[in-house]
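For the sequence shown, position 48 (counting from the first letter as 1) is numbered 860 according to our numbering, and the numbering increases by one without interruption.
Hints are computed from structural coordinates only; laboratory data are not their basis.
Only a predicted model underlies this, so the values are computations on that prediction, with no experimental measurement involved.
The C-beta atom is built at its ideal place from N, Cα and C for all residues, glycine as well.
Incorrect hints may have been included.
To be verified - Have a look at the derived ranges for each label pair, beta carbon to beta carbon: (1) Met872 / Ala838: 49 to 57 angstroms; (2) Arg891 / Val871: 26 to 34 angstroms; (3) Ala913 / Gly822: 38 to 46 angstroms; (4) Tyr844 / Leu864: 28 to 36 angstroms; (5) Thr839 / Glu886: 47 to 55 angstroms.
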Amino acid sequence: MTPCWRDERGFATITGAFAIAAVAAATLAVLYVGGAVLARHRAQSAADLAALAGAADLVMALPDPCVTARQIAEVQRTRARVRSCRTDGTDLVLSVAVPVALGPFGMHEAVATARAGPVG
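Could you build the full structure based on these sequences and the hints that come with them?
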C-alpha cells in the first residue's frame with residue numbers, strides 16, 4: 813500500500829477545478845473592467861455634449877449656460893450628472909459623473925471633464 817501523499821488519483825479533478833475557477837475569475841474581472849470602461853466612455857460623451865450645448869448658450873450671451881449643460885446631461889440615458897460647471901473666458905468647462913455598479917466592489921462613479929467654446 814502506498815502512502816496517501818504519493819497517491820495521484822484525483823489530481824486531474826483538482827487541477828481541473830482550479831483551472832475552471834481561474835477562468836471564471838478572469839471572466840468576472842474582464843466584465844467589471846469592461847463595465848468601468850463603458851461608464852467612462854458614457855461619461856465623456858455626456859460631458860462633451862453638455863459642454864457643447866452650454867458653450868452655445870455662452871456664445872449667445874444667455875444668462876446661465878450651466879443650466880443648459882445640466883439639462884442636456886440629465887436628459888441622456890446614462891444617468892449622468894454635472895459635478896461642476898464654470899466659465900473660463902469664452903469657454904465652458906464642466907465635469908460629469910456617471911454611476912457604475914462594480915458588483916462586490918460597490919457603486920462608483922466614472923468622471924469625465926470637457927471644455928467647449930468658440931474656435932479662434
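Numbers of the earlier hints that this structure fails to satisfy, in rising order: 5
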